[in-house]
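2 protein chains.
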Amino acid sequence: MQITNYIDRNKQKFLAQLKELLRYQSVSAQESHRADVRACARCLVGHLQELGAEAELVETKGHPIVRARIGKSGGRRIIIYGHYDVQPVEPLNAWESVPFEPVERDGYLYARGATDDKGQLFAHIKAVETLVKSGAGLENEILFLLEGEEECGGRSLEEYIKANKNELGSYAVIVSDSTLYGEGGAIGYGLRGTVGWEVIIKGPARDLHSGSFGGAVANPAIVLANIIAKCIDENGNVLVPGFYDDVNAIEKWEEENLERLEFNETGLREKAGVKKLLGSEKVHPLVKMWARPTFEVNGIYGGYMGQGGKTIIPSFAGAKFSARIVPSQQPKKMADLILEHIRRVCPDNVEMEVIGPGWSEPVLFDTGHEVFKAAERALEAGFGKKPVYIREGGSIPVVSTFWKELGCPVLLMGFGEDTDGAHSPNERFKVDHFYKAIKTSAVLLSSI
Amino acid sequence: MQITNYIDRNKQKFLAQLKELLRYQSVSAQESHRADVRACARCLVGHLQELGAEAELVETKGHPIVRARIGKSGGRRIIIYGHYDVQPVEPLNAWESVPFEPVERDGYLYARGATDDKGQLFAHIKAVETLVKSGAGLENEILFLLEGEEECGGRSLEEYIKANKNELGSYAVIVSDSTLYGEGGAIGYGLRGTVGWEVIIKGPARDLHSGSFGGAVANPAIVLANIIAKCIDENGNVLVPGFYDDVNAIEKWEEENLERLEFNETGLREKAGVKKLLGSEKVHPLVKMWARPTFEVNGIYGGYMGQGGKTIIPSFAGAKFSARIVPSQQPKKMADLILEHIRRVCPDNVEMEVIGPGWSEPVLFDTGHEVFKAAERALEAGFGKKPVYIREGGSIPVVSTFWKELGCPVLLMGFGEDTDGAHSPNERFKVDHFYKAIKTSAVLLSSI
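Here the protein sequences come in this chain order: P and X.
Going by the working numbering, the first sequence opens with residue 168, and the numbers climb by one from there.
Going by the working numbering, the second sequence opens with residue 168, and the numbers climb by one from there.
Errors might be hidden in some of the hints.
Said to hold, decoys possible - Quick list of in silico lysine-lysine cross-link-like pairs, DSS-like style, CA-CA up to 30 Å:
#, chain 1, residue 1, chain 2, residue 2
1, X, Lys443, P, Lys477
2, P, Lys397, X, Lys419
3, P, Lys369, X, Lys300
4, X, Lys397, P, Lys442
It should be emphasised that the hints constitute simulated quantities derived from the structure, not laboratory data.
Isolated chain P, as found in the complex (with noise of 0.2 Å):
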């Protein structure tokens, strides 16, 4: 009650500090915001020492890490992880309203950041505060972990993790930085992994006469159509020998699970923009996004692009690959597997060169552990409605360093919807669910 009282009379104040927060350009990307995310740092840390937390900038290569410590150092030590930074704003003409200036509208906060994720680590932050000054009390230590890197692709707070595990031992790390399911919150415990690489495949020294040379010449474009149809099919099939062969089926009780979960399948081809969807109809679909690999080409390229034709027979062709690997399968050991096979089905009528790869870790939590326990009753508190368990189907990496380094779960645990428009123009965070996010993290916070 103490906890619901100090929310419901605070929600102004606590919105306003949202929009206050929400209007620092964190664009960690672009270098001309250099000087605006650091500024936001700065206003985090105010936020938190107001609390009463040891609360500093650490500094990095890159953007400063938010590092802030507060409540009974003797209590279990949870870790609130976030990212301050945001993504840039282009293109500016298809925002409605100004992405640095939040508006309300029919009861969603509209801004860049608003969701992704300023509106879910402040949750947290006011959540800490509702304890302290509610009356209701902090017993555990809370060690606030925010970056700036996090839509820049830096690696700072990896490295501050590993350079300091030893002092980061915690009982669990909570990332608010994903969706709800549906009406109600979501514990997700799986992510997949990725592995990237390019492959360039390089034929004559420059563009040929298709005329001239047509019929004697090996045609890298060809040639790379014909290594990706080796690799992949039509269907999605992936055709690299052994690619399968460490895929774990999910377990009895995520099949129960799955069959609970609201699935729209009308929905997601809509969400997506097709008609139909890839591979058997025999495997839900999210399995397919959530537990089993892919092997995506996200960009390809070669020889003349422009308007017309031109007959050539270019150069070179090159493709950038990703393949998602889920948590049973070991990304080296995905990566050595793919390119041993590129390499083998090559043939040696043209030269291959192949950047990288890099890769990622897949992560699947034992749900057993009592934090996911805490974390169902915390979101049923918040959202009045039993939280699903779920994967996903993207990669947080900084997700399975906290994991690997420090040997605790994360508890992954979104406050957004997947129609906010992450990354996209017109970013909005719902008004109700940030109330929601507050009570949700401070029952949690104060029963763990």
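Following the hints, position chain X against chain P.
Frame of chain P; chain X shown alone:
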């Protein structure tokens, strides 16, 4: 002797005049050079009028045609085709001298258009001058048709030929817009035709996050690669059913002719800049390039093509294709066959857009026609060596127009070298070959 003497006495004048002609920046594809194209045409009209020709500019929707008639009306009519427009000069910094300021170096004249095609067409004009002014005499009627749209894909000359076919009936057409074979002359008697088209595979309405949607949504770049691989393998074998059905083997005399040609496979590999040629070693490379059809991807594009990676499923991917077809194949039939196959192998989880097809006709002439015998003698007189018979892998659309509309043979008699760099920086023409070309043409025109 009259011919040789006249040429010998006028070498300096001929070369100075050619240099003047090369100063015109007649780049037909660049609007900014429209006036230069026209000025170049007027210059040619002036040269032809000076010889006594009825010469005029024929206006078209694009650049004008230079039309000039000279010689005896009662004689055999011979059409001399050429084009006075040139390729763009970019990239300028790759030139060792200024493209439109002709300079001599090591026996070559360097300038844009030197070999393609001003040097070659001007040799014919100077050959007519030689016959007219040396006293050797011109017993035939020569009709020059020199176009200004060859390098920009214009169709004005084609339309002119079709509209005036009844007045253009001729004994033969001479086209000098190609190369010698090694050190000696070559008579071209066949050209491949082309079929060109573009395929765009359309998947999701926008680029999708490959983590969130990967596995459930077809990837257009992968679908496209599979379609290409179902059309042609990495060894250049075309898999389109029926593709080779109408291909005739080369005739016995052609086989024997090939044996006699000095062919250097190492030289071909060096010219193409490849370590290994494509396809079976049992098939002569010249047969592959002259007498077998091909299927090429001229360009391919889709998804993220910038630096680094971006984990998306592209919204679309496309490829530009062209097939070279041989004289026994029909362009329309081949286009239908290919596109029917592509439509058949395209899966139903994507949509396909086809741009085109467009095509040009292959040609094959009966070398028994006496104009070829006359050309043999003339080339031997001009270059001191018996010429060889060759086909060419490329396509010259106007050749089939002349052939089909006028019903007369077209003599493909080039004076360039394949190292002249037509379409490339530092284009050149061997000065000595310019004089030999004049002699060859004069001998030919006076012996038909």
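Tested hints:
1. Lys443/X <-> Lys477/P: holds (24 Å)
2. Lys397/P <-> Lys419/X: violated (40 Å)
3. Lys369/P <-> Lys300/X: violated (55 Å)
4. Lys397/X <-> Lys442/P: holds (24 Å)
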